Amino acid sequence: MAEVKSVPQPGNYVVSTRMKTVYSVLIFLGLAAFVVAIINDQARAWHAYLIGLFYFVSLALGGLFFTAIQHVTKAGWSVTVRRISEAFTSFIPVGAVAALILVFFGGNHLYEWFHADVVAKDHLLSHKAGYLNPTFFAVRVVLFFGIWWLLAKVLVGNSVKQDTTGDESITHKLVGVSVGAVLVFAFSYSFFSVDTLMSLDAHWFSTIFGVYAFAGLFQSTMAVMILVILYLKGKGLLHGLVNENHVHDLGKFLFAFTVFWAYIAFSQYMLIWYANMPEETIFYVPRSQGSWAMVSVALILFKFIVPFFALLPRWAKRTPSYLAVASVWILVMQFVDIYWLVYPSYNEEHAVFSVYEVLIFAGFLGAFLLTLTRFLSRNNLVPVKDPRIQEALHHHVVYH
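For the sequence shown, the tail end lands on 399 under numbering that gives the first Met the number 0, and the numbers increase by one without skipping.
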């Protein structure tokens, strides 16, 4: 059992009434904007809704994946930051409800394969109908979220339980569970990204689309983890538990997946461009014309080139204020990336954008922050009785 007496205790995080009000106002504004958008343009409302849904479900699953990977690799350095990623999973039940709302009320405004008459007249859609149909889509959504919730319950629930019992066997148990969790996550998230995003144009396909979505997921997850940890450190709640080396390592992950995202994005584009097959190029044609071409260029410049050079120096990942700005930048560009994936199916001619998209996204942001802070306020900010915590307390980055 870890020597608890030698472990600094984290502070207690309390969500102020003011912040709860802010989160509630964001949710209200999001709901109000969505209702107004539904009245004026249902298709646009549901496309904006899909952006918020996919963005924050991805963050929740990013937390689940990061947590599982730490157990699989038996990582010691990350013990004191792992509770933050565990907190992300608290959004999964909210995401499940939001996803089911989309399936039952918004699917016919997003996906042409929801319409039987359209499918009947289209050979390719008819060929894919065994998979792409409303009933099976609903079944998959229920199955995916059920599995993710169960995995989060086991991984996070046992981690929190260990704070009380100090039972070292829990750590060994979670290693085995996490091996399966990583495999299940890989398949389920790939299918989820295909179902919700790629099937917006069911005639198009890419065999690495799931990997592309995952790259954005992990990049944005690291950005949010950095912001939350810097915030808690700034309040003195992680004193003696999380040092600049932990933040540095998370910054290295952020940099690495900035490069990985660009690598996958280029690989997908290059292979499709080189093959020049109509059933594949239909995705890039509208995104290479008009105002959508500007968004495409913006992604290259501001989601890869700028963050690449901004995060390249060692000092950049060890300077809290600088790293926080870089993290916010990447999160904004993650929104632009998902917008770029979703909105051409609403309007191929122009990259339309208004207060609707901002406020509906803000509603999801409020829900995510509310569940996140609620979890952090009810549990220890650090798994204080994890047997590997001493390694985390003495973590340092070797640099020559």
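Bear in mind the hints are in silico, worked out from the structure with no lab data behind them. Incorrect hints may have been included.
Said to hold, decoys possible - In silico PhoX-like cross-links for lysine-lysine, where the CA-CA straight-line distance does not exceed 20 Å: (1) Lys232 x Lys251; (2) Lys172 x Lys152; (3) Lys73 x Lys160; (4) Lys172 x Lys73; (5) Lys234 x Lys19; (6) Lys160 x Lys172.
Note that the coordinates shown come from a computational prediction; the quantities given were computed from them, not determined experimentally.
Structure-based check of each hint:
| no. | hint | verdict |
| --- | --- | --- |
| 1 | Lys232 x Lys251 | holds, 19 Å |
| 2 | Lys172 x Lys152 | holds, 14 Å |
| 3 | Lys73 x Lys160 | holds, 18 Å |
| 4 | Lys172 x Lys73 | holds, 11 Å |
| 5 | Lys234 x Lys19 | holds, 18 Å |
| 6 | Lys160 x Lys172 | holds, 13 Å |
Hint compliance for this structure: no hint is broken.
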